[in-house]
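Taken in sequence, the protein lines are chains A and B. With full-length UniProt numbering applied, the first sequence covers 1 to 575. With full-length UniProt numbering applied, the second sequence covers 1 to 233.
Hints listed in this document are in silico derivations from the structure and should not be mistaken for laboratory results. Careful: at least some of the hints might be erroneous.
[What the hints assert, rightly or not] No farther apart than 30 Å at their CA atoms in a straight line, the calculated lysine-lysine pairs in the DSS-like style are these:
hint: 1; chain 1: A; residue 1: 129; chain 2: B; residue 2: 230
hint: 2; chain 1: A; residue 1: 365; chain 2: A; residue 2: 522
hint: 3; chain 1: B; residue 1: 190; chain 2: A; residue 2: 314
hint: 4; chain 1: B; residue 1: 6; chain 2: A; residue 2: 206
hint: 5; chain 1: A; residue 1: 129; chain 2: B; residue 2: 138
hint: 6; chain 1: A; residue 1: 5; chain 2: A; residue 2: 153
hint: 7; chain 1: B; residue 1: 6; chain 2: A; residue 2: 314
hint: 8; chain 1: B; residue 1: 79; chain 2: B; residue 2: 137
hint: 9; chain 1: B; residue 1: 137; chain 2: A; residue 2: 437
hint: 10; chain 1: A; residue 1: 407; chain 2: A; residue 2: 153
hint: 11; chain 1: B; residue 1: 138; chain 2: A; residue 2: 314
hint: 12; chain 1: B; residue 1: 6; chain 2: A; residue 2: 153
hint: 13; chain 1: B; residue 1: 79; chain 2: A; residue 2: 153
hint: 14; chain 1: A; residue 1: 206; chain 2: B; residue 2: 137
Every value quoted in this text rests on a predicted model; they were computed, and no experiment measured them.
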Amino acid sequence: MPVHKHDVVIVGSGLAGLRTAVEAVGSADVALISKVFPTRSHSGAAQGGIAAAIGNEEPDSWEWHMFDTVKGGDYLTDQDAAEVLARDGPRAVYELEHMGVPFNRTPEGRIAQRAFGGHTRDYGKAAVKRACYAADRTGRVILDTLYGQAVRKGIRVYAELSIVDLIFRDGRAAGLVAYDLATGELHLFHCRLLLLATGGFGKVYKTTSNCFANTGDGVYLAYRAGLPLEDMEFVQFHPTGIHGLGVLISEAARGEGGILRNRDGERFMERYAPTIKDLAARDVVSRAIMQEIQEGRGIDGQDIVHLDLTHLGKDRLAERLSDISSFVRIYLGIDPASEPIPVHPTCHYMMGGIPTDVDGRVLGKDLQPVTGLFAAGECACVSVHGANRLGCNSLLDLVVFGRRAGKKMLAQLPNVPWPQLPRDAGDAVRERIERLKGRSSGERVHGLRRELQQVMMERCAVFRREADLRQALEDIRALQARCRDGLYLNYRGERFNTDLLEALELESLLGLAETIVLSALKRTESRGAHWREDFPDRDDQRWLKHTLVALEDGEPAIFYRPVTVTRFEPKPRVY
Amino acid sequence: MELRFKIYRFDPRMDSEPRYQDYVVQADPRERILDCLNRIKWEQDGSLSYRMSCGHGVCGSDAMRINGRCALACQKLVKDVADSEVLLEPLPTFTVLKDLVVDLDPFFERVNQMRPYLLAALEEPNRERLQTPEARKKLDHVIRCILCACCTASCPIVQEGTPFIGPAALVWAFRNIFDSRDARHEERLKAVDTPDGAWGCRNHFECTRVCPKEIPVTKSINIIKREIEKALR
Numbered sequence: 001m002p003v004h005k006h007d008v009v010i011v012g013s014g015l016a017g018l019r020t021a022v023e024a025v026g027s028a029d030v031a032l033i034s035k036v037f038p039t040r041s042h043s044g045a046a047q048g049g050i051a052a053a054i055g056n057e058e059p060d061s062w063e064w065h066m067f068d069t070v071k072g073g074d075y076l077t078d079q080d081a082a083e084v085l086a087r088d089g090p091r092a093v094y095e096l097e098h099m100g101v102p103f104n105r106t107p108e109g110r111i112a113q114r115a116f117g118g119h120t121r122d123y124g125k126a127a128v129k130r131a132c133y134a135a136d137r138t139g140r141v142i143l144d145t146l147y148g149q150a151v152r153k154g155i156r157v158y159a160e161l162s163i164v165d166l167i168f169r170d171g172r173a174a175g176l177v178a179y180d181l182a183t184g185e186l187h188l189f190h191c192r193l194l195l196l197a198t199g200g201f202g203k204v205y206k207t208t209s210n211c212f213a214n215t216g217d218g219v220y221l222a223y224r225a226g227l228p229l230e231d232m233e234f235v236q237f238h239p240t241g242i243h244g245l246g247v248l249i250s251e252a253a254r255g256e257g258g259i260l261r262n263r264d265g266e267r268f269m270e271r272y273a274p275t276i277k278d279l280a281a282r283d284v285v286s287r288a289i290m291q292e293i294q295e296g297r298g299i300d301g302q303d304i305v306h307l308d309l310t311h312l313g314k315d316r317l318a319e320r321l322s323d324i325s326s327f328v329r330i331y332l333g334i335d336p337a338s339e340p341i342p343v344h345p346t347c348h349y350m351m352g353g354i355p356t357d358v359d360g361r362v363l364g365k366d367l368q369p370v371t372g373l374f375a376a377g378e379c380a381c382v383s384v385h386g387a388n389r390l391g392c393n394s395l396l397d398l399v400v401f402g403r404r405a406g407k408k409m410l411a412q413l414p415n416v417p418w419p420q421l422p423r424d425a426g427d428a429v430r431e432r433i434e435r436l437k438g439r440s441s442g443e444r445v446h447g448l449r450r451e452l453q454q455v456m457m458e459r460c461a462v463f464r465r466e467a468d469l470r471q472a473l474e475d476i477r478a479l480q481a482r483c484r485d486g487l488y489l490n491y492r493g494e495r496f497n498t499d500l501l502e503a504l505e506l507e508s509l510l511g512l513a514e515t516i517v518l519s520a521l522k523r524t525e526s527r528g529a530h531w532r533e534d535f536p537d538r539d540d541q542r543w544l545k546h547t548l549v550a551l552e553d554g555e556p557a558i559f560y561r562p563v564t565v566t567r568f569e570p571k572p573r574v575y
Numbered sequence: 001m002e003l004r005f006k007i008y009r010f011d012p013r014m015d016s017e018p019r020y021q022d023y024v025v026q027a028d029p030r031e032r033i034l035d036c037l038n039r040i041k042w043e044q045d046g047s048l049s050y051r052m053s054c055g056h057g058v059c060g061s062d063a064m065r066i067n068g069r070c071a072l073a074c075q076k077l078v079k080d081v082a083d084s085e086v087l088l089e090p091l092p093t094f095t096v097l098k099d100l101v102v103d104l105d106p107f108f109e110r111v112n113q114m115r116p117y118l119l120a121a122l123e124e125p126n127r128e129r130l131q132t133p134e135a136r137k138k139l140d141h142v143i144r145c146i147l148c149a150c151c152t153a154s155c156p157i158v159q160e161g162t163p164f165i166g167p168a169a170l171v172w173a174f175r176n177i178f179d180s181r182d183a184r185h186e187e188r189l190k191a192v193d194t195p196d197g198a199w200g201c202r203n204h205f206e207c208t209r210v211c212p213k214e215i216p217v218t219k220s221i222n223i224i225k226r227e228i229e230k231a232l233r
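Can you build the whole structure from these sequences, using the hints too?
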């Protein structure tokens, strides 16, 4: 097995991984491992913008941004983390501009800003323009810019390698095993510091805006290694996915003035969020859409409502929303300048993940940092998004906490000796692959994955109930058993064996689905994106706390830790 | 409806010659070609290899030749090809690694040669640099590039086997040549003022025809040529 030694190994080359790498490279020897080519990471699909209170269009302040982030997260947000995010926002955006991000501009030549869901002035009084944007391809141009920085700094990239195991020795991270898709070979990476930036895992659900690669390998491998996962029950459904496909229509469409309408043509958000209407937080809008549908006000009796952009005019659509206009034209045959878009909530973002402190250090079961291990981006839970993430806070999270992790790693590196690699590193994975390849009949990945995605969609999506969650848990465990005992590969070759890769990914999806459902079952209240029909109220008395789930003797066990409250006492959440 | 596919198959470690394999899938007219390809792979033949990721034309992974023309499998719908058998082949000019997967390293290498990052004056303000909306607008088209390689694979000059750097690399050169914040305008122009740089383009317009993001690629290359004439001659 080829062995690669690097001071710092970063898994994932989206915005968080690239930003960390760019920070750490130079005094450290940094390697980046990615399942895809760096420019194909899912960060590139982010459309609407990056939040920062730079106040270029309207007066704004980081305190308002912090408040919105805490309220948006339904007070589950750790306020020390939200303060870091909001305070550092302007610097982070200026830094991206200096690196070359082609933001849209105001007539004065400043970075242009627009409205986005849940971003307000004066602690909730009215919507504020806080999203810095480059048309509706903000994520893509930031990804390209950071990729350019990685090229400039000569960062070593191992592309199309998928991590299949994490290696620990004496309680500290020591490296990982990766599967090289091109050759079918296993590679051992030996490092002093390891950062996971493997993104989200929306592929747990049937309808999702996430890419095929978003299967949560990093998060699952950490969990399998005995580390806890935090707030897994909080899964964001974005209100406006293209019906059936899940392809996202950016919240920027509503930020620019787009309106949601039911079958009667009514602007129904006026009833659910009288102050900021269509720009309420995503969980609020997604629930409103689902309620309209359930009460028979979907379009033509279907599970959809309309997103109306017809009044925005061709020029504005072309200048600011050209990508989504193109998606709608291609996939629906609709011109959004003249016809409304049929939309439905789509799984979009995981608020939960690997617990870290504000410097990206991964926390173990004892909530103390695990030596040598860091995480950043969607796979991490800082927790800055609490129970529901605000639009445009994700891109900011990636670059703010990616940079902080990079800085912390550099600071630690001089005092971190090389860990020993265990002699049997890689053996377990090799056996697992041989076992898979050895089976000559059974079930293929696709059927099991489809069943899982269906179960999650039906029983653990926007609305949840105890009976459904119990059934989901039972179904998932049955699928896990079928996966373990009967999964069969149709192809057993060495080169570009995505059949094998998808089998390994399926194990991640099943493991993570179990933690989502179990965490959701235990939380008997409604908060942010976690809405229990049988417990419709938020219960701060009992539930103002983070859920943690970790394996104990092979079984998931739940425990809790308090939320950090500094400036803003929990209040009822109305928009 | 029933849709017939003819797909290029080749594993250079096992096969001496490429071959074509036929598949039939049930397809809905509104589905993507990628959906059909996935069904073929997931339900019929796990040995088929291709790349994919985002599924809606922003990552650029599933570029391939569809009925003779380079395109993204996630952007072509069944109804667009329903009247014929669908022929799927790897991007031309690239080395095939397996089936529809090609070696993209040389492609990224050529883009990287263009120094795909801003080289601004050293002095940075503590806020953003100013840039007029008009100056920013010059980049509007080229920042749509997703590096899918359809343009470069389709270019007749590249297909001739010349050392022409190809349209995608020039789009990335354009991005910085015409960014008002970049301080190396002349240096960047000189880098593409070569027979294999901007002057390698002979206006075949194939790149423009196939670009899934509708970037006016040939026109952008001609703007670079005009800027070379203006600034360097």
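What are the numbers of the hints the structure violates, in ascending order? The structure breaks hints 1, 3, 7, 8, 9, 12, 13 and 14; every other hint is satisfied.
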